[in-house]
Amino acid sequence: MTTDGAASGVRDTGEVLLSCVDVGKSYGGVRAVRDVSLEVRAGEIVGLVGPNGAGKTTLVDVITGQQQANTGDIRIGAIEMTGSPSRRARLAGFSRTFQHPQLALDMTVRENILIGGVGERFGSPWRIFGQAVAGAFHPGTKALDRRIAELANDLGIHGLHREVADLTLGEQRMVEVARALLRRPRVLLLDEPFAGGDPRGVSGMTNALSRIVEQGCAVLVVDHNVDIVASLVDRLVLMDQGAVAFQGTPAQALASAQMRAVYFGGTAG
Amino acid sequence: MTESTKKPPIQSEPAVPAGRGGPAALVLLLRRHRWSAEVVVTLAAAALLVAYGSGPSFRQDYVVLICTYGLLALGMYVPYIMSGSLSLAYNAYLGIGAYACALISTKAGWSSLWGVPIGMVLSAAIAVLLGLATRKLTGFYLAGVTLLFGVAFQVFLLDRVSITGGAMGMTVARPELFGQSIKRYQIMVVGVVLVWVVGILLARLRQSPYGVVVRLRKDVPQVVEASGISAGNTGIVSLAIGAAIGSLGGSLFGMMGGVAQPESFGLHIIFLAIFMPLLGGQRSPWGAVLGALIVVVFTFELDLVEDTGTLIFAIAILLVLRLAPEGLLGLVGKGWQRFCRRLGVSGHDDRGVR
Amino acid sequence: MPLQLWISVVELSCFAGLIALGFFLVLRGADLFMFALGPLAMFGAMFGAYMVSRNGWPVALAVVVGVVIASGLSVASELLVVRPIHRRTGGEENPSIVAIVAVLFLLEQLAGTLFGRRPLPGSALWRDSFTVGGAVISGQAILLVAVCLLAFGGVAWWLRGSATGRMLRAVGDNERAAAILGIPVAKVRMVAFAMAGALAGIAGALFATKGGVTFTSGLQWTLVGFLAVIVGGLGSVWAPLVGAVIVALLQTWTVYKFGQAMEDYVTFAVAFLFFALRPKGIFQTKVRI
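Residue numbers (my numbering), protein chains in the order written: chain A, 159 to 427; chain B, 768 to 1121; chain C, 1058 to 1346.
Everything labelled a hint here was simulated from the structure, so no lab data went into it. Here a beta-carbon is modelled for each residue, glycine too, at the ideal position from N, C-alpha and C. Mixed in with the good hints there might be a few duds.
Okay, the calculated beta carbon distance ranges per label pair [said to hold, decoys possible]:
(1) A/Tyr421 x C/Ala1236: 27 to 35 angstroms
(2) C/Trp1310 x B/Leu1098: 49 to 57 angstroms
(3) C/Gly1148 x B/Ser821: 47 to 55 angstroms
(4) C/Ala1117 x A/Pro243: 54 to 62 angstroms
(5) C/Phe1187 x A/Gly187: 54 to 62 angstroms
(6) C/Gly1190 x B/Glu1068: 57 to 65 angstroms
(7) A/Gly288 x B/Gly933: 35 to 43 angstroms
(8) A/Tyr185 x C/Leu1060: 33 to 41 angstroms
(9) C/Ala1236 x B/Ser821: 56 to 64 angstroms
(10) B/Val960 x A/Ala236: 36 to 44 angstroms
(11) A/Thr229 x C/Leu1334: 52 to 60 angstroms
(12) B/Glu1030 x C/Asp1185: 55 to 63 angstroms
(13) A/Ser242 x C/Leu1060: 52 to 60 angstroms
Derived list of chain A stretches under chain B, where covered just means 3 residues or more per stretch with a C-beta under 8 angstroms from a C-beta of chain B [what the hints assert, rightly or not]:
(14) 242 to 248
(15) 251 to 262
(16) 268 to 281
(17) 367 to 380
Here chain A stands alone, though its shape is the one from the complex:
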């Protein structure tokens, strides 16, 4: 279980898979993200926490290529990602879930997961066209379907042919995780996976995460709920007012003055 991982302290054996160095982003005069540096290694779960408005969402957008950073350097593995569109990030081995699940409600669970595994086949307009022609004759999803069934089993998703509209929010989040995992990403970003507060979802997510890191994936969990995140990560990064306020093990972080200052508004001491 991951709690063991947390207790064993920071693992620094793995290769650095996600690194941000001095990343900054400002809108007009407002500096939403100031010189943030963080890294996530293979087999490690890092929690990015901070109150609303701390700059987490902006940082996520910058990492995923939805917005461009003004300064700094973002790498996935050895590949420089700064300034590339989000679809390049995926091809470099980066997967993500969304704060508000992004699923087509009138499509089935299987279909919503499937897209996570076909990105490589749709590289250029010609290949997209080729996929369309091929798809009319042969679906070509046998291997993918087997993997989807496995993943669904692992993540406790039942009824792959249900419509997503019939699922609870917690189940929808798991579908997103399955989609993100289908192509065995090297880096996984979970954006607010515990928002909406479904306790069953938390335990499911915890189990899922421990399996994922066993396979050498680097995981970044972004959430404002420190308690839940602290219980399942190896390391916590606390953001406040756009900058990193503290980095360390969950135990260190929870005991830190910065954490108290940020979350309880009290002064250090």
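Using the hints provided, position chains B and C relative to the given structure of chain A.
What follows is chains B and C alone, placed relative to chain A:
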């Protein structure tokens, strides 16, 4: 629906509930062989259409019109229903298909069959260009610019008499294959077969990875991008496919009538093209074909009653949009689900199309 | 270009401008391109022409009732079709487009059935005409210009000076946010549709005298207005009018120079170029349209 809360694990096939043989078993059988059932039912419908067309000569024209509109609606299906790109230049694509056959046979002296691929490629190319111009813009603008193209195309047909023959149009030579000229009856059969084949292929396409990607593009384009796929390019490819299918319909129409005329490719085609797939039902390409069938019946049978057929059709469209957005097949599907639930089995197909 | 054609340009500008102003209002207030405005103008004009020629109504009465009908039909389409579908689909764009196109189609067919499918001549409100420097200026043209300027001025004043006018933009930009702020979204949208319908009705009634009106005129009129919006942009209330002037000039000039058919090619080419090169028109707004 209690089914969804407690669902049996994915792959296992639920047994027939105890004490409910007969219908429930039949439902399960149908569900397991859903794909075969689809093939059989649609083939039977195609056979019926051919049988109907084997009567007097005017029926053959009627059937070909249904097939033309069927292909038109199927052409709308991929870009519009699946991918969410509303292109309105379908009168032009249809026209290009017909005029390509006419030009190739009268000006170049080739078999008019050559016009089929040429028209398809040309239409697809135009669709790509129009799509590229508006790719960063939203639906209303794609709709507007394609509509303008449709208008300009219509004027072009009327105006460039030296190329298109003006209002009189131009003849499409009876197609020849291996030196044999193809009879009207044969064209009709080919038309029905074409619709059936395109329908089957699109039904499969819908379930394929491409179909899944395109349908997700409609609702959650950022997921498509986050999965490493260009949402814009995917949409443009769907526009090209749709245009090519529409052009195929135009070629069929031209070869059957033996003439390509501007009035056949007016703006009314655009309205029909949008509404047909909605009328029939969006969940399957067969909905588009069904919509085409309804349109032909409405506009031609009911026009006999003092030319109000189109008005009735327009009202019907609004009613469908407002009250039954899932379309006719959608209503049938709902009824089927209810029937299945009463039998105590899930009506959903539990496996993907193989 | 002869002077007479310049007068045509002015007339066409004012007509296209009025339709474009209607588009502008609905775009601002509901973030929709109300393609059915052209057919609404056609419907109002056909109603008027029919009543005058068949039932002997006074022209003024026919015009006023026609405008009221156009406005009423616009509101009805919002209440009965566009808004319910907009709500059901959570503001998705395509269903709204289809709903509007369905309304457009219904209006065409309804007009064709009620008033016949043959062109009807429009009746002039002001029958006098004046000769200036060899060109004939009809009283109707003067009316059209006056009404157009009044409408633009009025709308500009309304957007700035009235509470509803100021709320209009908030609703179009982000309906949900506007609702949270307590803005009566449904009412604001309805006002936008009502005003747009009325503008279309006036434009149709005044312009129908130029070349008559048929049940299929509506779509052409929609496209002229659409183009004016595309060229002008949405940056200011007056932008659609500037767009309309440019479009009218270009269309009249090409017809004069190259003949009738060129008009539609140029129309399409202009739209295509603007889409590709300057998608937000000449007067851009900072806000997404």
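Here is what the structure says about each hint:
For tyrosine 421 of chain A and alanine 1236 of chain C, the hinted distance range of 27 to 35 angstroms is satisfied, since their beta carbons lie about 33 angstroms from each other. Tryptophan 1310 of chain C and leucine 1098 of chain B have their C-beta atoms about 53 angstroms apart, which keeps the hinted 49 to 57 angstroms range intact. Against the hinted window of 47 to 55 angstroms, the Cβ-Cβ separation of glycine 1148 of chain C and serine 821 of chain B comes to about 50 angstroms, which satisfies the hint. Restraint check, alanine 1117 of chain C to proline 243 of chain A: a C-beta distance of roughly 60 angstroms satisfies the suggested window 54 to 62 angstroms.
For phenylalanine 1187 of chain C and glycine 187 of chain A, the Cβ-Cβ distance of about 60 angstroms falls inside the hinted range of 54 to 62 angstroms, so the restraint holds. Against the hinted window of 57 to 65 angstroms, the Cβ-Cβ separation of glycine 1190 of chain C and glutamate 1068 of chain B comes to about 58 angstroms, which satisfies the hint. At about 41 angstroms, the beta-carbon gap between glycine 288 of chain A and glycine 933 of chain B stays in the expected band of 35 to 43 angstroms. With their beta carbons about 54 angstroms apart, tyrosine 185 of chain A and leucine 1060 of chain C fall outside the hinted range of 33 to 41 angstroms.
About 60 angstroms separates the C-beta atoms of alanine 1236 of chain C and serine 821 of chain B, a value consistent with the hinted range of 56 to 64 angstroms. For valine 960 of chain B and alanine 236 of chain A, the Cβ-Cβ distance of about 55 angstroms falls outside the hinted range of 36 to 44 angstroms, so the restraint is violated. At roughly 32 angstroms, the beta-carbon separation of threonine 229 of chain A and leucine 1334 of chain C lies outside the given 52 to 60 angstroms, and the hint is violated. The hinted window of 55 to 63 angstroms between glutamate 1030 of chain B and aspartate 1185 of chain C is violated, with their beta carbons roughly 40 angstroms apart.
Between serine 242 of chain A and leucine 1060 of chain C, the C-beta spacing of about 59 angstroms keeps the proposed range 52 to 60 angstroms intact. Restraint check on the region 242 to 248 of chain A versus chain B: 6 residues with Cβ-Cβ distances below 8 angstroms, three needed, restraint holds. Coverage of a stretch by a chain is defined here by at least three residues with a beta carbon nearer than 8 angstroms to that chain's beta carbons; for the region 251 to 262 of chain A and chain B the count is 6, and the condition holds. Against chain B, the region 268 to 281 of chain A contributes 11 residues with a C-beta closer than 8 angstroms to a partner C-beta. That satisfies the three-residue criterion, and the hint holds.
Residues of the region 367 to 380 of chain A lying with their CB closer than 8 angstroms to a CB of chain B number 0, which falls below the three-residue condition for coverage.
Of the hints listed earlier, those the structure fails to meet are numbers 8, 10, 11, 12, 17, in rising order.
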